[in-house]
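Colleague: Sequence:
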Amino acid sequence: MTLKLVRKPGGPASGVEGWFETVLNALADPVLVIGAEGDIDYVNQAAEQFFDASQSWLCERTLKDLIPNDSPVFTMIAQVRNDGASLSEYGVTLETPRTGTRQVTIQVAPIAEGEGAVVVSFHDRSIASKMTRQMDSRNAARSVTGMAAVLAHEV
0 MTLKLVRKPG GPASGVEGWF ETVLNALADP VLVIGAEGDI DYVNQAAEQF FDASQSWLCE
60 RTLKDLIPND SPVFTMIAQV RNDGASLSEY GVTLETPRTG TRQVTIQVAP IAEGEGAVVV
120 SFHDRSIASK MTRQMDSRNA ARSVTGMAAV LAHEV
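Using numbering that gives the first Met the number 0, the first residue of the sequence shown is number 0, and each one after it goes up by one.
Among the hints, a few may not be true.
Stated by the list, open to error - Distance windows between CB atoms, simulated: (1) Gln48 x Val91: 10 to 20 Å; (2) Pro71 x Asp51: 17 to 27 Å; (3) Thr92 x Glu114: 25 to 35 Å; (4) Thr95 x Gln44: 16 to 26 Å; (5) Glu16 x Pro96: 17 to 27 Å; (6) Glu36 x Ala111: 11 to 21 Å; (7) Val22 x Ser55: 33 to 43 Å.
These aren't lab readings, by the way, just hints derived from the structure by calculation.
Ideal Cβ placement from N, Cα and C applies to all residues, glycine included.
Put together the whole structure using the sequences plus the hints.
Modeller: Here is the structure:
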């Protein structure tokens, strides 16, 4: 079986295939289809923004061109191909020259008709993590201020 792509970069987007591409492009999270050899077969618009590159440029590359070889993404892809089941990893630090350092949740799922092809999605947790740290710092400062007020009252 061969993987039928939604659309090659620059190709027409019409009919049912165009509808699926519209749905994928509506997602806020980057979605990539990775072929059996590691080549990037498809990216949605969020992936273009995430990797700061165009769809046509990305689809001429392999995933190893974008992400360091020691990234857990590659272990996850190998496990999904071996087991044939979806896999998710929370709180992964993804650091590349194109993206900088980001905290992400990675989801990898096999494509049934793709013979080794998988779909990979990233959910950026960087902003949420920063907000959580700021709230923790603010709460800690309030606790210290409260303790100081109690101690001052006792003296």
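Colleague: For each hint, tell me whether it holds in the structure or not.
Modeller: Hints versus structure:
1. Distance hint check: the CB atoms of Gln48 and Val91 are about 19 Å apart, consistent with the given range 10 to 20 Å.
2. The hinted window of 17 to 27 Å between Pro71 and Asp51 holds, with their beta carbons roughly 22 Å apart.
3. As the Cβ distance of Thr92 to Glu114 is approximately 31 Å, the hint placing it in 25 to 35 Å holds.
4. The supplied range of 16 to 26 Å is met by Thr95 and Gln44, whose beta-carbon atoms lie about 19 Å from each other.
5. For the hinted restraint 17 to 27 Å between Glu16 and Pro96, the CB-CB distance of approximately 33 Å leaves it violated.
6. For the pair Glu36 and Ala111, the beta carbons lie near 18 Å from each other, so the given range of 11 to 21 Å is met.
7. At about 21 Å, the beta-carbon gap between Val22 and Ser55 misses the expected band of 33 to 43 Å.
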